[in-house]
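Residue numbers (my numbering), protein chains in the order written: chain A, 35 to 546; chain B, 90 to 480.
For the record, the hints were derived by calculation from the structure and aren't laboratory data. Since we're looking at a predicted model, the values are computed, not measured. The beta carbon of each residue, even a glycine, is placed where N, CA and C say it ideally should be.
Just so you have them, the derived chain B footprint on chain A, three or more residues with Cβ under 8 angstroms:
| # | region |
| --- | --- |
| 1 | 155-163 |
| 2 | 174-186 |
| 3 | 509-516 |
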Amino acid sequence: MTAPRDKLLPRFKTIIDYDRCIGCGKCGESCSYGCIFFDKEQKKPFVKKQENCVACQRCVIFCPKEAIEIHNYPVSYPPHALWSPYHVRSIIEQARSGSVLISGTGNDRPYPVIFDYLVWDACQVTNPSIDALREPVETRTWLGRKPKHLSIKEVDGKFEIDDFPPNVMLSTPLIIGHMSLGSLSYNAITSMYKAVKEVGTLMGTGEGGLHKDHYIYKDRLIGEVASGRFGVSPEYLDIAALEIKIGQGAKPGHGGQLPGEKVTELISETRGIPVGTDALSPNPQHDIYSIEDLKTLIAALHEATEYRIPVGVKIAAVNNVAAIASGIVRADADFITIDGFRGGTGAAPRILRDNAGIPIELAIASVDQHLRDEKLRHKITLIAGGGIRSPSDMIKIIALGADIAMVGTAPLIALGCKVCQQCTTGKCSWGIATGNPELGKRIDIEWGARRVANMLRAWTAELEEVLGTMGIDAVESFVGNRDRLRYLGPNPHEAEILGVKHAGERITRGGE
Amino acid sequence: MNTYKFTKRSNYAFRDSGACGITALFNLDLEPVSGEKIKDMICVMRERENGQGAGFSVYGLFPEYQDQYCIQLILEDIPERPPAKERVEDFLSSCTDIVKEEKVPVDSNVFREYPLVWRFFVEPKCVSGEEDDMMKNIMMYINDRIDGAFCMSGGKNMAVFKGVGWSDEIAKFYRIEDLKGYMWSFHSRFPTNTPGWWGGAHPFSILGHAVIHNGEITSYGTNVEYLRELGYTCTLMTDTEPLIYIFDYIVRKSGYPYKIALQTATMAMAPPYWRDIDRMDPILKKWVASIRITHRWAMANGPFSIVLTTNMPRPTMIGHSDRKKLRPLIAALSEDEKTFYLASELNAIHEVDNTSNYWQPDPGRPVIATEDGVMLKGSDRDIYKFAEVLK
Numbered sequence: 035m036t037a038p039r040d041k042l043l044p045r046f047k048t049i050i051d052y053d054r055c056i057g058c059g060k061c062g063e064s065c066s067y068g069c070i071f072f073d074k075e076q077k078k079p080f081v082k083k084q085e086n087c088v089a090c091q092r093c094v095i096f097c098p099k100e101a102i103e104i105h106n107y108p109v110s111y112p113p114h115a116l117w118s119p120y121h122v123r124s125i126i127e128q129a130r131s132g133s134v135l136i137s138g139t140g141n142d143r144p145y146p147v148i149f150d151y152l153v154w155d156a157c158q159v160t161n162p163s164i165d166a167l168r169e170p171v172e173t174r175t176w177l178g179r180k181p182k183h184l185s186i187k188e189v190d191g192k193f194e195i196d197d198f199p200p201n202v203m204l205s206t207p208l209i210i211g212h213m214s215l216g217s218l219s220y221n222a223i224t225s226m227y228k229a230v231k232e233v234g235t236l237m238g239t240g241e242g243g244l245h246k247d248h249y250i251y252k253d254r255l256i257g258e259v260a261s262g263r264f265g266v267s268p269e270y271l272d273i274a275a276l277e278i279k280i281g282q283g284a285k286p287g288h289g290g291q292l293p294g295e296k297v298t299e300l301i302s303e304t305r306g307i308p309v310g311t312d313a314l315s316p317n318p319q320h321d322i323y324s325i326e327d328l329k330t331l332i333a334a335l336h337e338a339t340e341y342r343i344p345v346g347v348k349i350a351a352v353n354n355v356a357a358i359a360s361g362i363v364r365a366d367a368d369f370i371t372i373d374g375f376r377g378g379t380g381a382a383p384r385i386l387r388d389n390a391g392i393p394i395e396l397a398i399a400s401v402d403q404h405l406r407d408e409k410l411r412h413k414i415t416l417i418a419g420g421g422i423r424s425p426s427d428m429i430k431i432i433a434l435g436a437d438i439a440m441v442g443t444a445p446l447i448a449l450g451c452k453v454c455q456q457c458t459t460g461k462c463s464w465g466i467a468t469g470n471p472e473l474g475k476r477i478d479i480e481w482g483a484r485r486v487a488n489m490l491r492a493w494t495a496e497l498e499e500v501l502g503t504m505g506i507d508a509v510e511s512f513v514g515n516r517d518r519l520r521y522l523g524p525n526p527h528e529a530e531i532l533g534v535k536h537a538g539e540r541i542t543r544g545g546e
Numbered sequence: 090m091n092t093y094k095f096t097k098r099s100n101y102a103f104r105d106s107g108a109c110g111i112t113a114l115f116n117l118d119l120e121p122v123s124g125e126k127i128k129d130m131i132c133v134m135r136e137r138e139n140g141q142g143a144g145f146s147v148y149g150l151f152p153e154y155q156d157q158y159c160i161q162l163i164l165e166d167i168p169e170r171p172p173a174k175e176r177v178e179d180f181l182s183s184c185t186d187i188v189k190e191e192k193v194p195v196d197s198n199v200f201r202e203y204p205l206v207w208r209f210f211v212e213p214k215c216v217s218g219e220e221d222d223m224m225k226n227i228m229m230y231i232n233d234r235i236d237g238a239f240c241m242s243g244g245k246n247m248a249v250f251k252g253v254g255w256s257d258e259i260a261k262f263y264r265i266e267d268l269k270g271y272m273w274s275f276h277s278r279f280p281t282n283t284p285g286w287w288g289g290a291h292p293f294s295i296l297g298h299a300v301i302h303n304g305e306i307t308s309y310g311t312n313v314e315y316l317r318e319l320g321y322t323c324t325l326m327t328d329t330e331p332l333i334y335i336f337d338y339i340v341r342k343s344g345y346p347y348k349i350a351l352q353t354a355t356m357a358m359a360p361p362y363w364r365d366i367d368r369m370d371p372i373l374k375k376w377v378a379s380i381r382i383t384h385r386w387a388m389a390n391g392p393f394s395i396v397l398t399t400n401m402p403r404p405t406m407i408g409h410s411d412r413k414k415l416r417p418l419i420a421a422l423s424e425d426e427k428t429f430y431l432a433s434e435l436n437a438i439h440e441v442d443n444t445s446n447y448w449q450p451d452p453g454r455p456v457i458a459t460e461d462g463v464m465l466k467g468s469d470r471d472i473y474k475f476a477e478v479l480k
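All chains, please: the whole structure from these sequences, using the hints.
Listed below in structure tokens is the structure:
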């Protein structure tokens, strides 16, 4: 009796046009997933394993003759509104493996994107718009704690500022989020470090420690202190800012694992663990079971860095995010990063990635409002990330209450990522999400740095343009300025939570 | 249906903004001047108003009641409720000692309909040292909670008079020629889209401060949220309201030494550009950057020219504009150096004094006059005077 069979159908169909093909072999070289194979003897590529194609487009882009096409696999799933291919395929995968499904990138489910329901204001008549190309429109932003007012002492009839908390200067309210060496290749990480240094903004190290080659970028890096404490050394603490990672938008409540086979020599010396051991970051930080424990760690990091740098906390956007954030301010954090449920990841249980947490738009609006109710908002810098795709999303999240927007997937796209969601496999054909040094070489560091810096600059330029059309010449005057946003979506309750009026709504007197 | 004619905005009103005329005069010797003069100044700029509101502030008006706070109100009665004046009086007697009250004399021939204008001289019942905070809260409470009452001002030895009408009508209605004070500001409105309401006219006042404003604040949402944290509620739905609260917070409440408080407040509202701050010497740079970072949401963005008047702690007049000077403001000092003027247009100053020396303050730089004379002329170089007292 033969064993019953089932298999996952391919998702894509790769078609090679042999009339156009010149047999150069670029496609076979490009394919890191084992789909296209180039037969050197016949000088001819062929599709060896169709189910391995992930539509990463590397072969298509590198083919000099446009001879490759990728289509959706031409097989219909029997139509069913409930049992969509997503569910059918997931069951087949689990029936085969018996394990938790792991995915990379961010939540890909078709939830509404609230950013797309928001529009902003512009100047007309009563108030001149500003031409950002001719007149200053300032985007400089400071990360750190702010006093309510300056504390001043008088010395010999002159006034002196007594004490001012450390603040890091950013040229733009846009930073790159935490991505570790290990989840990304050495070249991808170095490209982004170089770019933020050049632009004058910041990037997070992720929980990967800091390779000694990267010490030159320290003044532009936020060092992550996560549950595994990998790479947290005295040298590491000499950095622009520190961030305690409690949670990540893609997997709230979860930690992380870098399997032993990915812990190479390079990773081993950066994280301070032996080659080949699993790098396991526990779900909670085992010395933080409560807000008072968090306060202790914040104090310890402040002490260890002699109060020279800001210490912040990153949390995932969950139901109670507003109250948790106010606890974190009271625990003396200098900044808070909120990561929305669309945030990216190198690897996360798919069930968490797709279902846990709340959208960043709602989370930031409620955190901002709650901190203002508690009279705490002016003290801290609020960073928002998780699903910010464009300068317009960045602009909207600032108006909803964030000081700084954080991006992760966007700069990876600048480096070549096509969002094929295979980060967890380590086979990234673009040399980004991989520990394989051969694949990593596919990114030229100079080229990568230029691409990412261009993106950061372009977003900043668009921010300046937009602020100008709103008659605002410094970005701080736009933080939490919901007055300039309007809602244009299906659910007025959403607008209420955001604290944004509906488009066309006139200003009415407040309740009395 | 909106039953309020004077003390509340109409139910569907846009936030106020627009053109406007501003004028101010200050006798630096603190000698009383008749209201005639300021009236002549404002009325000449007729094309800057549209009859939707005007108002003025006077300092030195009550030499006999210098130590009491003067709560000056417009009042209207609502059907089936006790008269507004009674309700205000009940409230005031619960938290203050009313030393004197009186009807503010008005000319009944100007408007077909007009509210009752009344003033109370009060002393708050509270711990010594907290009088100002208490009076601030009393004024905010009246405006927020007592239907049919609008408190125009609540400072010492000063008052605000305002309403809907052309500037000459408002001047006539409040019989400005009978009033005398050493410092005046007068504003005429050209609101872009609201039918005016009496409380919505300028000046906006809190304690001894008053502001008149020409412009539109694009940072309104950010400023209001900041003020909410600092304990100020913006209820009047006008761009101008946050400006006076920002001024009050920084000058009075934050406890900055008087020598630097005015500079700090005006700098927070219109700070130097970062590119200029980067070029300053280290001490000044540290100060200016710290002020800018600390009070980042106090910055008033968008076009404005304003006149701030205050007598707390000393009689002071400030003319200020946005960093790009998108609204006009001109300053002048009479030939005898006894009278200081501010106006939207030079013709307003020439109307009453055509031998004065006038100048254009630089964008975003305040002109500050006190009884000691013009302290700062609104020049880019003023910052070095500020630097002299810093370390």
